[in-house]
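Construct the entire structure; sequences and hints are all you get.
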Amino acid sequence: MAIFSFSLVVLTVFRPMTVDSKEPVLSEQRKAYLGKKLGDLTAGKRGVSGTLYAATGKHLVIEDFSYNGTAPDAYFMVGTSSQPSKHGTIFANEAGSKGTIPAYSKQTIVLTVPGQAVVTDFKWFSVYRKDAEISIGDVAIPSNFDYPRERTIGSSLSGAHKTHAAEVVLKDVKTLFLKNFSYDGSAPDAFFLCGKGSPNPNGTKIPDEKGSLEVIRGYIHEDVTLTLPGDLTVFDIDWFAVYCITYIETFISVTIPKNPNVPPLVEVLKSQKEWDQSDGSDFDNCETIIPNRIQVAWKLKSNSVLFQLSTKLVAKQWAAFGVSGDKDKNQMIGGDVAILYLEGPLNKAKLVDYYLGSKAQCSNTSGGVCPDVKSSPTGTDDLTMVSSKYENGLLKVVYYRPLAAIDRYDKAITPTGETAVIAAQGPMAEDPPDVVLYHTMYVTRTKTTLKLSRPAKKNCQPLMASRPREETMDERQFGGRDILRREGVTVFTARIGPTGGSRGYAKITGNAGWGIAWWINDELIPVLHVERGKTYTFVAQGGHNQSNSARYHPFYITDSKKGGGSQEDVKLLGKPGHLLLAGVTMDPKGKADVSQAVGRYCEWEHKSVDQSDVVKTFSEFMTTLELQCEPNVKSGTFTWTPDEKTPDTVYYQCFTHFYLGWKIAVKNPGPKDSRNIV
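In mature numbering (1 follows the signal peptide of the UniProt record, and there is no 0), the protein residues as written are -21 to -1, 1 to 657.
Mixed in with the good hints, there may be bad ones.
Below, a list of computed lysine-lysine pairs in the DSSO-like style, where the Cα atoms sit at most 27 Å apart [unchecked claim]:
| no. | residue 1 | residue 2 |
| --- | --- | --- |
| 1 | Lys329 | Lys85 |
| 2 | Lys306 | Lys189 |
| 3 | Lys327 | Lys189 |
No lab work stands behind these hints, which were simulated from the structure alone. All figures in this text were calculated on a predicted structure; none of them were measured in a lab.
The structure is reproduced here in structure tokens:
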């Protein structure tokens, strides 16, 4: 895939699954294919270091290049003499300049061999001081060096259904070329397929030349260019075929050589200098999607687009940007988005391709807001991150995606037309780290469109980091109260309701919520108090239709702080940390029985929009809600009698989703149990 037409050359980095230790050469830091290694820059003067690769005969790559910038006469140079000298030829830098070299710090840059020459026309590459006549870092170029180039891997191939290819060529690490290809188009289930081992129906489908994954059409003597999907490269596959899946028939096939010496894709710049700009000034276009919160800049070429997404973000938050689920309006459901968040103690930026299947939290049983790779076994992550920077609460990530839809969870982008886009921001659950919770913070509310091919226009102001506000008396938490401590409460009705914004679920529990939470006896996640030896009745009104994940919340009691037992390994259920104390049981076949935990669906809904951050008291908040219950459906009901084996603190939760419930304090009989239970 090509990305942009601009004055410098850029490089795509891919991660092969299986590689040889000698060739192709992989970077030690990223295990990324950059081409064939020429050597490490020697001498090391003035902080010069880096590793030189040949990406093609016309392109050199310096990985992790560093230079302190203090020499007034340093240039990139090549030459034909036996040793570096002032009589060599000056190389333009990655931005096309033949001036002296500026400072670099562990940047990966791509240089273009000047004129009609190729790499092997020279004997050396050097960071050279012309006035001082000294090399401060150089690499020798062997005369017999075999630089990466296109490889023909099959010729004069013929098979059933008049299938024929004059040649099959590996153009680069991602691209196959079929010369003079013909096929009659009559097979019911024929695809371009690739995979491991030998041709078989479980291979990976390759989109056709238009990006479609449908059954391939007929061809008559056409040249066809195919791009491997997602992060797949020629290092990950053993064969390519035109294959009929239904009848398990290979029309034509070729074997992919082990570690072919082909070019990397010269597409996406790996120079941190190029993309590490705080305001997107190196991009042609920029738009503010959510004011003072999310901005997107972009550059466009034939079949891909490079985005720079800038957002205010802190740990335990995510930001999303992508294509609307409806081409004519702002719609989250059905959307194809990039999710950004910070991972680990070092706040490493994480980029994931997501499909917004429904408003529900991602569930193994019925989808929801899930990564493409979790939505289906055939789903692929089709986003490639180029660079990221996180500083002073501002995250900026540069990534690219194909314009075509690679899997069924992707939305194609038409560059010449208006594309409806969506953006949002919300909390991220700490455990597990990939649970994206409801957008309780910011979201696009009106239709927003981008025309990627428009004339250059920048409508972005630099995002400014902001300090968190101090809490006021009007921001005291909603819910989580111990109102059910009083004696005599033995029946608890569990319904769904809102999380109460910044003063609700997150403030009470310290965990981010999904946008909905359990309301017990019409209170937002109260602490329940129960006594060992007494029997309590629970009325479950969290829904019963498993096909509607957003309205399906089996209610159960567990010792898990996060719940969501259905998403855990079934072997763990019933063990400490995943106890099934009531509501859900395991049948003799080892399958979870939720029959008592499901019932009619009742929800406290907002009368208009969420007023939790506007009202001052919980009572006032309640006036902004109304109870809506599903008619003519019975509630789920079960009883529970805690005993001496019951832990002092347990939780009421949802069996299919994480983080909807809160604590149950379990005490011994009598008024003198003074333990600090909760």
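When the hints from earlier in the document are held up against this structure, which numbers fail? 3
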